[in-house]
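Line order of the protein sequences matches chains C and Y.
Numbering-wise, the first sequence is residues -9 to 264 according to the numbering used here.
Numbering-wise, the second sequence is residues 556 to 720 according to the numbering used here.
Treat the hints with caution; some may be incorrect.
Distance condition first, Cα-Cα at most 25 Å in a straight line; then the derived SDA-like pairs of lysine to any residue [claimed, not checked]:
hint, chain 1, residue 1, chain 2, residue 2
1, C, K168, Y, V718
2, C, K168, Y, E574
3, C, K96, Y, D715
4, C, K96, C, G76
5, C, K168, Y, A716
6, C, K168, Y, R566
7, C, K85, Y, V718
8, C, K85, Y, V703
9, C, K85, Y, P565
10, C, K168, Y, P564
11, C, K85, Y, L700
12, C, K96, Y, P564
Residues of chain Y placed beyond 10 Å of chain C at every Cβ, according to the derived structure [claimed, not checked]:
hint, residue
13, A592
14, H602
15, A607
16, G626
17, E672
What follows is a list of derived Cβ distance ranges for each label pair [as the list claims (entries may be wrong)]:
hint, chain 1, residue 1, chain 2, residue 2, range
18, Y, V703, C, Y260, 36 to 46 Å
19, Y, G646, C, S86, 26 to 36 Å
20, C, D138, Y, V703, 48 to 58 Å
21, Y, D715, C, A242, 45 to 55 Å
22, C, A242, Y, R639, 47 to 57 Å
23, C, K96, Y, D715, 44 to 54 Å
24, C, P47, Y, E670, 52 to 62 Å
25, Y, G626, C, K96, 40 to 50 Å
26, Y, G646, C, N112, 48 to 58 Å
27, Y, A595, C, P119, 24 to 34 Å
28, C, A134, Y, G699, 52 to 62 Å
29, Y, E670, C, N112, 51 to 61 Å
30, C, D262, Y, G626, 43 to 53 Å
No wet-lab data here; the hints were simulated from the structure.
Keep in mind it's a predicted model, so treat the numbers as computed, not measured.
Idealized CB from N, CA, C, for every residue including glycine.
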Amino acid sequence: MNHDPIDVRRAALSRRRFLIAGGASVSLGALLAACGGGGSSTGIPRIGLTPDPTELPDAPVTDVALLRTASSLEYNAIFAYETAAGLGVLTGDAKSLAGRFLDDHKRHADTIVAATEAAGGNPWTEPNPRLQSIYVEPALALIAESDDQLGDVLALAYALETLAGATYQSFVPLFDDKALRAAAMGNGEEEGRHAATLGLVLNPSRLVTSTGLSIADEFAETETATFYAVPSAFGTLSPVPVTLGPADENGARTTVNLETPSLNSLVYEYFDEE
Amino acid sequence: MTSPDTTTPPRRPTAGDIELLGAAQSLELAARDLYRAAVAAELGGEHQASLACMAAHHDMASQSISAAIGGEAPQTRNDEVYDRFESGFTGDDVALTAHGLENSLVATHKLLLGELEGTEGSALVASILIIEARHAAALAAVAGLSPVDDADAFFSTPTDAEVLA
């Protein structure tokens, strides 16, 4: 490394010249901007033309927006179960269970649609567009290529039911109307029961995980599993991972992380005006 | 477009909420003690560990409620509920009795959600309720019921589920 004091001084001079040159460029730009025409000057000097900003829509998180989002998730689930039924891999008890879950989601959707109307809103009767495109359709596409379609359908159903329950849970503190909190959890607890039953099917040997619990050693698990009827002490709002589809050349499969709807995924009332 | 409600619910529990959440804590402590009695009597069979975990869940629920309402938490179990369910939890029908208790807890907590003003308390109760619903489904299986033939035992809270005080 060169530590010659003359070279160091030259380098400092070069930086100074650069700063001076840069300052001159900015000043020249400001001068040109000030001289330029334009009827909508903001008084802020600028170079070139900028488009007028698009005003963001008014998107309050109202009870109606939450209800529309809740019904949209029910339609996501209806779509998923109907698509899974079309694969023809569900038979016997699995087919009966899926039929029951489908009926429950249709009933839940009806109750939420009615609640939306009662709250003065326009009901939403389609799948949530964002969740459909980032979770449901990619997951179903993976299952279509899977070597274990039945296992993947059950795993996706477990994840979707867990997500649906968590979504209702997450909406409880957001509702202004207390009656809607109770009504939401009427649906949410049934989604939780669906998930629990799928957990029983996928992991019948251990119903409740001991992870995070202070219990006697004799009851603690030595290894944790992916599926449980009861996976935690409290309903969590953390992402629900589900691994689906065929393995790649390295043996790795795709994991999709399902998350409760963020502000970008709510079905706002302004959607109706677009 | 519907206008947003201008009345924002309180976050922290109100005085009325504290009373309601205190009662809920006593119920959770009763449930914890009932499961502990079943585990001590070794009535869980191959699902003994799951019963021990459920006892721990109810204990954690009671602790979280205590944290939410602070010094006004009763910290005592609801003896009336404990006494009513004790024989079932220490007899041959432990799974069915526990299933009934969990359904009653779910029904009680749903009613509570319709009464609580504060959003923190509501969020906590919702997070407890959804796990107790999962307990009920798991216990239906432990009791030997079938999710196909006895579907309602797994998938819904009975309309006549007793609301506990």
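Each hint, compared with the structure:
no., hint, in the structure
1, K168(C) x V718(Y), "18 Å, holds"
2, K168(C) x E574(Y), "17 Å, holds"
3, K96(C) x D715(Y), "23 Å, holds"
4, K96(C) x G76(C), "17 Å, holds"
5, K168(C) x A716(Y), "21 Å, holds"
6, K168(C) x R566(Y), "13 Å, holds"
7, K85(C) x V718(Y), "34 Å, violated"
8, K85(C) x V703(Y), "10 Å, holds"
9, K85(C) x P565(Y), "45 Å, violated"
10, K168(C) x P564(Y), "9 Å, holds"
11, K85(C) x L700(Y), "18 Å, holds"
12, K96(C) x P564(Y), "31 Å, violated"
13, A592, "15 Å, holds"
14, H602, "6 Å, violated"
15, A607, "4 Å, violated"
16, G626, "23 Å, holds"
17, E672, "7 Å, violated"
18, V703(Y) x Y260(C): 36 to 46 Å, "44 Å, holds"
19, G646(Y) x S86(C): 26 to 36 Å, "32 Å, holds"
20, D138(C) x V703(Y): 48 to 58 Å, "22 Å, violated"
21, D715(Y) x A242(C): 45 to 55 Å, "50 Å, holds"
22, A242(C) x R639(Y): 47 to 57 Å, "53 Å, holds"
23, K96(C) x D715(Y): 44 to 54 Å, "24 Å, violated"
24, P47(C) x E670(Y): 52 to 62 Å, "35 Å, violated"
25, G626(Y) x K96(C): 40 to 50 Å, "47 Å, holds"
26, G646(Y) x N112(C): 48 to 58 Å, "54 Å, holds"
27, A595(Y) x P119(C): 24 to 34 Å, "53 Å, violated"
28, A134(C) x G699(Y): 52 to 62 Å, "37 Å, violated"
29, E670(Y) x N112(C): 51 to 61 Å, "29 Å, violated"
30, D262(C) x G626(Y): 43 to 53 Å, "49 Å, holds"
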